[in-house]
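K.L.:
Taken in order, these protein sequences are the chains called A and B.
Just so you know, we're using my numbering here: the first sequence kicks off at 1445 and counts up by one.
Just so you know, we're using my numbering here: the second sequence kicks off at 2 and counts up by one.
Careful: at least some of the hints might be erroneous.
Which stretches of chain A does chain B cover? Using the computed rule of at least three CB atoms under 8 angstroms from a CB of chain B, they are [unchecked claim]:
no., segment
1, 1485–1497
2, 1514–1520
3, 1577–1587
4, 1599–1613
Each computed DSBU-like pair below joins lysine-lysine, with the alpha-carbon atoms no more than 30 angstroms apart [what the hints assert, rightly or not]:
no., chain 1, residue 1, chain 2, residue 2
5, B, K58, A, K1569
6, B, K65, A, K1636
7, B, K194, A, K1481
Hint data in this document are derived by calculation from the structure and do not stem from the laboratory.
Idealized CB from N, CA, C, for every residue including glycine.
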Amino acid sequence: MRKLTVPISEADIRALRVGEAVSLNGVIVTARDAAHKYMIENFVKTGGNPPAAEAALYQELKKVLADGVIYHCGPVVQQTDGKWSFVAAGPTTSIREEPYQADVIAHFGVRAVIGKGGMGAQTLKACQDYGAVYLHAIGGAATFIAESVKEVLTVYKLDFGVPEAFWVIRVEDFPAVVTMDSHGGSLHELIKEQSAQKLTELIRG
Amino acid sequence: MTLTLFRIASEKDSLMQDLTEAFVELIRRASTQLPADMERALRKARDQEEPGSAAQKALDTILKNVEMSRARSSAICQDTGTPIFTIHYPLGVSTRALADQIRRACAIATERSFLRPNAVDSLTGKNSGNNTGVDFPTVHFEEWDEEGIKVDLILKGGGCENVSTQYELPNSELGAGRDLEGVRRVVLDAVHKAQGLGCSPGVLGIAIGGDRGTSYLKSKQLLLRPVDDANEQPELAALEQRLLEETNQLGIGPMGFGGKTTVLGVKIGTLHRLPASFFVSVAYMCWANRRASMRVIGQEITYA
C-alpha cells in the first residue's frame, strides 16, 4: 500500500498505476453534484473572476484544491457542542460529475478524485493532461471509511444541504484503489469491454 | 392535529398506540444492521473470490463495515436512501395517523444520525433537512385479515436506484421477445449497463407485466424476499437460478473491480398486463440491502 500525503506532487501521481492500493493522509474536501455545478458556474465559466459574494470562498477552495483531493461524498454528520463529526462517509457514484470534473481538475490543479463506479473519457483525459488520478473507495463502507476522517475543519455552502455541502476534512490512512491513472489506464473501461463480450455470448450464444 | 384526533378516536384499541418511537427503532435497525441472510451471502462470496484479489479485498472491507456499523449503531451506508415502508393493517386502523407517525419518526431518526437528510425539493433544490417532503418517505398501505400490523422497511440508496431500469418488450436490439427468454436477455443487459455503479454485488427484483408504475413498485417489493430463498413457481425459480449464474459470468465483480460475484440474488414476480404492454422492471439493490420488519400485536412489538 502506497502512502500519499496531501498536497500531492505531480511526480507522485505519475508514479501511480491502475490497481495500486493507496492510503491517503491530509486535508481533502467533499464535493458532489451541487458543489460541482457551483464551481463550474462561479469559477470556471467566469475565468476565475467569481461574483463578489463568492470571491472569499473561491480563495479558500483554491488553497485546499491546489495539488489537493476532491471526495465525492455526502456524509452522515453529527454535531456535538458545536463541533461537527462524520458518522458515515462512503463514496457516492462519480459518473454524475463527468460533465464537470475535467474542468474542475484543470482549473484548480486537483491531483486526485475519490469516488465510486469510475468516470468517463473526459475525466480520464484530464488525468493524463494535468497529472491526476481517480481513486476508488469501497461503496457503502460508510462507517469503516468515517474512521479515517479524523477531523472536520470547516464546512462551506451548508445551505446546499448536508450531503451537497463542501466539507473540509482531515483524513488519516484513508483507503482507496487507483482505478484510473494519469497514463490513460482505466479499470472501468477494461471491465466494461470484457463484460460486454461475455454479454454478447450469453445473449446470442 | 391529526394525531390528537387519532388518539381520541382510538383509545380503546391497543393497536392505536403511538408507534413513533417504534418506527424510529425500525429505521435504526434497517440503517445499521444488515440482515443476516445478506451477510451470509457476502461471506460466501468473499470466500469464492481469488485470494488477495481486489474483489476479495472489497468484500473484506464490506464485511468489516457491516460489523462496525452494527456494533456502533451507525449507518452502514451514508446514503440512507429513500425509506420505503409497506404496512399491512387490519380494518379500523387509521392509515393517516400511521403515516404521520412514520414521518415524525423519519425526522427523529435524522436528528439521531440514523438517516442522512435526503429529501430535496425538486423545484428549489432545497433539502428539507429531516427526510420528509412531498411523498417522502414512501408509504404503501395494504389492509389484511391478520391481527395487528406488520411494517416492512427498505432503505434504497440513490446509486442503485439510478441503475434500476425498465424495458418494454419486444426489444429488437437485444432480440428480446415477449417471453421468459426475452426477460433473461434484458436483465443481463441491465446488469451489464449497471457495471459497478449500483454498488455490486447487488440483488435484483424483477417484475414482469403490470403498467409502468405497478411494475416498478412490484420490482421493489420483491427485494423483501430473503436473498437465498427460491421462487414457488418452478418456471420462475429456474429463471432466477439461471440469471444468478449468468449475471455472475459477466465478471463485473464487487464494485466493478472484476471478479466472480456481481449479483447475490434474483427475485422475479409477475403481474397481469395489458395485451399491448409487456414491461420488465429491474430494481437493482446494492449489497447494502437494508431491510427490517416490525410486527405489532396489542402492546407487543417485535422486530425482524
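K.L.:
What hint numbers does the structure not satisfy?
P.N.:
1
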